[in-house]
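J.: Below are the chains, spelled out letter by letter.
Number of protein chains: 2
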Amino acid sequence: MTHEHARAAILSVGDEIVLGQSLNTNSRWLSDRLVRAGVSVRAHTTVPDDLQLQAEALRSLALEHDLVVCTGGLGPTADDLTRGALARAMDDELVEDTIALAQVQTMLEARGRALTPHHRAQAMRPARAHTIPNLLGTAPGLWGTLHVRSTAGERVCDVACLPGPPREMMTMFESHVLARLRPPSGRTVRTRVLHTFGLAESDVAIRLGELMERKSSLLVGTTASGGVVSVRLRYEGPEPPAAADVQLDELERRVREGVGEYLFGRESQTLEECVLALLRARRESVGCVESCTGGALCEVLTRVPGSSASVLGALVTYSNELKNKLAGVDASLLVENGPGAVSAECASAMALGGLEGLGVAHCLAITGIAGPDGARPGKPVGTVFIARASRGATPPDVEVRRFQFTAEREHVRDWSCRSALAMLWQHLSGLPPMKLLREQP
Amino acid sequence: MTHEHARAAILSVGDEIVLGQSLNTNSRWLSDRLVRAGVSVRAHTTVPDDLQLQAEALRSLALEHDLVVCTGGLGPTADDLTRGALARAMDDELVEDTIALAQVQTMLEARGRALTPHHRAQAMRPARAHTIPNLLGTAPGLWGTLHVRSTAGERVCDVACLPGPPREMMTMFESHVLARLRPPSGRTVRTRVLHTFGLAESDVAIRLGELMERKSSLLVGTTASGGVVSVRLRYEGPEPPAAADVQLDELERRVREGVGEYLFGRESQTLEECVLALLRARRESVGCVESCTGGALCEVLTRVPGSSASVLGALVTYSNELKNKLAGVDASLLVENGPGAVSAECASAMALGGLEGLGVAHCLAITGIAGPDGARPGKPVGTVFIARASRGATPPDVEVRRFQFTAEREHVRDWSCRSALAMLWQHLSGLPPMKLLREQP
Numbered sequence: 001m002t003h004e005h006a007r008a009a010i011l012s013v014g015d016e017i018v019l020g021q022s023l024n025t026n027s028r029w030l031s032d033r034l035v036r037a038g039v040s041v042r043a044h045t046t047v048p049d050d051l052q053l054q055a056e057a058l059r060s061l062a063l064e065h066d067l068v069v070c071t072g073g074l075g076p077t078a079d080d081l082t083r084g085a086l087a088r089a090m091d092d093e094l095v096e097d098t099i100a101l102a103q104v105q106t107m108l109e110a111r112g113r114a115l116t117p118h119h120r121a122q123a124m125r126p127a128r129a130h131t132i133p134n135l136l137g138t139a140p141g142l143w144g145t146l147h148v149r150s151t152a153g154e155r156v157c158d159v160a161c162l163p164g165p166p167r168e169m170m171t172m173f174e175s176h177v178l179a180r181l182r183p184p185s186g187r188t189v190r191t192r193v194l195h196t197f198g199l200a201e202s203d204v205a206i207r208l209g210e211l212m213e214r215k216s217s218l219l220v221g222t223t224a225s226g227g228v229v230s231v232r233l234r235y236e237g238p239e240p241p242a243a244a245d246v247q248l249d250e251l252e253r254r255v256r257e258g259v260g261e262y263l264f265g266r267e268s269q270t271l272e273e274c275v276l277a278l279l280r281a282r283r284e285s286v287g288c289v290e291s292c293t294g295g296a297l298c299e300v301l302t303r304v305p306g307s308s309a310s311v312l313g314a315l316v317t318y319s320n321e322l323k324n325k326l327a328g329v330d331a332s333l334l335v336e337n338g339p340g341a342v343s344a345e346c347a348s349a350m351a352l353g354g355l356e357g358l359g360v361a362h363c364l365a366i367t368g369i370a371g372p373d374g375a376r377p378g379k380p381v382g383t384v385f386i387a388r389a390s391r392g393a394t395p396p397d398v399e400v401r402r403f404q405f406t407a408e409r410e411h412v413r414d415w416s417c418r419s420a421l422a423m424l425w426q427h428l429s430g431l432p433p434m435k436l437l438r439e440q441p
Numbered sequence: 001m002t003h004e005h006a007r008a009a010i011l012s013v014g015d016e017i018v019l020g021q022s023l024n025t026n027s028r029w030l031s032d033r034l035v036r037a038g039v040s041v042r043a044h045t046t047v048p049d050d051l052q053l054q055a056e057a058l059r060s061l062a063l064e065h066d067l068v069v070c071t072g073g074l075g076p077t078a079d080d081l082t083r084g085a086l087a088r089a090m091d092d093e094l095v096e097d098t099i100a101l102a103q104v105q106t107m108l109e110a111r112g113r114a115l116t117p118h119h120r121a122q123a124m125r126p127a128r129a130h131t132i133p134n135l136l137g138t139a140p141g142l143w144g145t146l147h148v149r150s151t152a153g154e155r156v157c158d159v160a161c162l163p164g165p166p167r168e169m170m171t172m173f174e175s176h177v178l179a180r181l182r183p184p185s186g187r188t189v190r191t192r193v194l195h196t197f198g199l200a201e202s203d204v205a206i207r208l209g210e211l212m213e214r215k216s217s218l219l220v221g222t223t224a225s226g227g228v229v230s231v232r233l234r235y236e237g238p239e240p241p242a243a244a245d246v247q248l249d250e251l252e253r254r255v256r257e258g259v260g261e262y263l264f265g266r267e268s269q270t271l272e273e274c275v276l277a278l279l280r281a282r283r284e285s286v287g288c289v290e291s292c293t294g295g296a297l298c299e300v301l302t303r304v305p306g307s308s309a310s311v312l313g314a315l316v317t318y319s320n321e322l323k324n325k326l327a328g329v330d331a332s333l334l335v336e337n338g339p340g341a342v343s344a345e346c347a348s349a350m351a352l353g354g355l356e357g358l359g360v361a362h363c364l365a366i367t368g369i370a371g372p373d374g375a376r377p378g379k380p381v382g383t384v385f386i387a388r389a390s391r392g393a394t395p396p397d398v399e400v401r402r403f404q405f406t407a408e409r410e411h412v413r414d415w416s417c418r419s420a421l422a423m424l425w426q427h428l429s430g431l432p433p434m435k436l437l438r439e440q441p
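Sequences listed follow chains A and B, in order. If you read the first sequence in this note's numbering, its first letter stands for residue 1, the second for the next number, and so on. If you read the second sequence in this note's numbering, its first letter stands for residue 1, the second for the next number, and so on.
Hints may be right or wrong, so weigh each one.
A pair holds if it fits inside one copy or across any two, identical chains being indistinguishable in the list.
What the hints assert, rightly or not - Straight-line Cα separation of at most 20 Å, DMTMM-like style, residue types lysine to aspartate or glutamate; simulated pairs:
1) LYS435 <-> GLU399
2) LYS379 <-> GLU408
3) LYS435 <-> GLU109
4) LYS379 <-> GLU257
5) LYS379 <-> GLU109
Since the hints were made in silico from the structure, they are not lab data. Just so we're clear, the structure is a prediction, and the values are computed from it rather than from any experiment.
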């Protein structure tokens with residue numbers, strides 16, 4: 001009984017989502033993955049932990065869709081009702097799955113814990129459904145098929161049920177659901193993403209001009225997140241994949257021409273990955289001296305696997321005393337009538353101090369006012385100085401820039417880190433210092 | 001025609017959401033606000049920019065709900081279809097609203113821009129609907145009423161349409177929608193959340209036992225995120241708020257009894273906020289020495305506004321050289337045949353070195369193997385040693401614990417930070433060191 005998955009819906013389950021206690025990030029991720037696999041997503045729905053509502057939602061979505069990906073409600077507690085809801089929607093009974101039970105047991109043993117009746121319930125499945133193994137947690141997933149009667153006759157809809165924790169959900173989707181997708185034949189969907197930093201989304205739109213008009217089978221769109229403006233290229237049409245790729249190649253060439261040297265990466269590449277790749281190629285090291293970002297810059301860099309090849313460490317000099325003691329910032333810069341901790345002079349001294357103290361080839365230093373307190377005349381919340389110092393010349397090459405970010409703490413910290421990375425990226429790429437968004441003259 | 005808003009749904013509109021390009025944060029915010037206002041939210045739904053699908057979603061939600069809050073689709077471009085969809089769902093015609101038109105014009109003038117036909121379209125509304133003024137953007141909102149026929153007779157459902165940009169949406173909700181809400185007079189909804197760290201979700205379920213069974217008007221549920229297991233308490237029933245609170249007080253007492261000293265906070269409190277509150281009350285400072293977490297612990301602490309009162313700084317000693325040079329870890333610990341960088345001895349030395357070098361009252365040190373590389377015999381990926389050192393005694397009080405986390409980089413880093421915070425939290429709370437989840441004997 002194979003039908004195509006032309007239209008998909010995503011069903012999220014959980015009181016914590018409908019009550020507004022948790023943000024639903026799974027639906028976005030699943031949509032993106034399904035669309036890139038050629039399956040069109042037409043709806044997101046969220047229901048509370050309620051067996052009857054969930055079963056009704058499954059049957060009602062099955063009337064209009066060929067595939068429903070459901071997340072949540074597979075845990076071991078009494079409010080995890082997805083197994084029962086799928087059984088009710090399939091009009092099936094719950095049976096214990098021997099292999100799933102063994103997996104639950106193995107997972108618990110690895111954690112040195114005993115099987116409880118709660119965990120045992122996780123190995124139940126509707127008799128006509130299959131389980132999807134979970135290598136990261138105790139909750140197996142489910143794959144079942146609903147048969148519903150609509151005015152247009154009987155319809156068939158596949159249902160994949162995955163656990164709510166994103167890591168488990170993503171891994172199971174990649175390893176088991178992706179292979180079961182049947183995107184409609186006769187239609188090709190190909191996507192590409194190019195990432196820029198330093199331009200506003202509206203600047204990118206102006207640079208791309210008519211490329212962004214919706215026409216024929218080629219679509220160009222932009223999304224912005226934390227200062228990174230990503231340009232999404234998409235082909236959806238009747239051409240075979242090779243011909244679609246030729247069209248996308250030409251489109252990509254024109255997009256690259258438009259955004260120019262602000263383009264730093266593609267697909268899943270992040271700015272920090274691109275910076276680390278350049279450092280690795282040059283066998284050079286990096287370190288950070290951070291004030292208002294409190295360690296966030298080094299955190300972002302070391303999130304990348306293998307970053308220890310280039311990142312040696314950081315000094316988080318949150319207090320003025322530590323700016324002096326650890327980074328060697330001259331105390332005269334920090335006194336009442338001096339330039340102060342939030343100044344080009346201090347940022348520059350921090351970067352040079354880190355170059356020396358950390359023994360690195362490049363040092364990025366950030367000092368600014370993340371808020372809500374700390375504003376001073378002429379230096380409102382969001383004022384940040386970023387310095388890059390690099391060995392090679394005597395004295396070392398130092399560059400400082402001033403930024404004015406929007407006055408929201410998380411935003412200031414986030415943009416400071418990425419702007420610092422962009423400064424190092426421009427330097428390592430051999431580009432002239434190009435003005436970045438929110439940079440002050 | 002006033003009916004009560006007993007059951008509400010949230011409808012989000014936009015291709016960017018169903019395609020997975022944007023994260024839907026509006027639904028969470030609206031749910032939280034509605035539930036706190038006593039209106040029960042029963043569903044979230046998202047549809048693409050499609051007039052027919054949106055009109056159908058409105059009518060179908062009206063069959064089961066008394067209020068729908070719809071966001072998105074009110075902009076000036078061709079893919080903004082909410083005005084037309086509401087008119088179709090109401091079976092009404094679109095008319096131009098004179099006051100809304102004046103507001104759109106004023107808003108454009110303030111930005112030095114001229115009225116275009118696109119913008120003029122934003123002043124249209126279904127003839128029997130009202131507009132909701134928008135003081136932050138050009139898109140007015142709408143308030144209309146749907147009449148639908150269900151098997152149970154005619155039903156009435158109010159619909160509030162708000163723009164998608166969160167700032168505009170929130171302001172209009174607070175200033176105009178909140179006052180129009182009619183939470184059921186005979187029914188009360190009250191929620192509480194308590195946060196625990198150090199127990200598995202299934203442990204919490206066992207400790208809460210029959211409290212988690214769904215019965216009567218009191219509900220207890222759990223959600224887990226990054227090691228924090230949150231217990232959600234909810235009253236929904238006929239009692240007046242004061243009596244509901246009495247029932248919740250008693251329920252909370254029993255939940256607290258069950259999870260005991262693993263409970264660290266409530267409502268929106270995070271573990272780092274609770275740690276910082278304890279430090280502030282004692283006027284004591286904290287610093288970090290981080291290896292595998294690369295600055296993440298200090299980053300988490302300094303994310304909290306006002307954290308500079310207690311956090312002085314951190315040393316990120318990613319390389320062994322810096323462990324020695326900055327934190328004073330004895331080189332003999334780090335040589336080939338020594339205990340190595342990932343050891344109780346090294347963690348302890350890092351914490352003591354930080355106490356001294358950062359001049360803090362408490363220092364948390366983390367060293368471990370975040371992976372994917374770096375595993376050693378007897379020390380698989382996920383092995384982490386965490387030390388806490390505190391001044392006061394001579395020599396200072398040091399505590400080291402060994403953890404075995406799941407072998408996934410982001411996970412190891414995340415759990416390491418929170419486990420370190422939990423160790424300091426237990427110490428500052430005057431609790432005996434209680435074993436934490438994933439802690440090794």
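J.: Against the structure, test the hints numbered earlier, and report the numbers of the ones violated in rising order.
T.: Going through the list in order, the structure violates hint 4 alone and respects the others.
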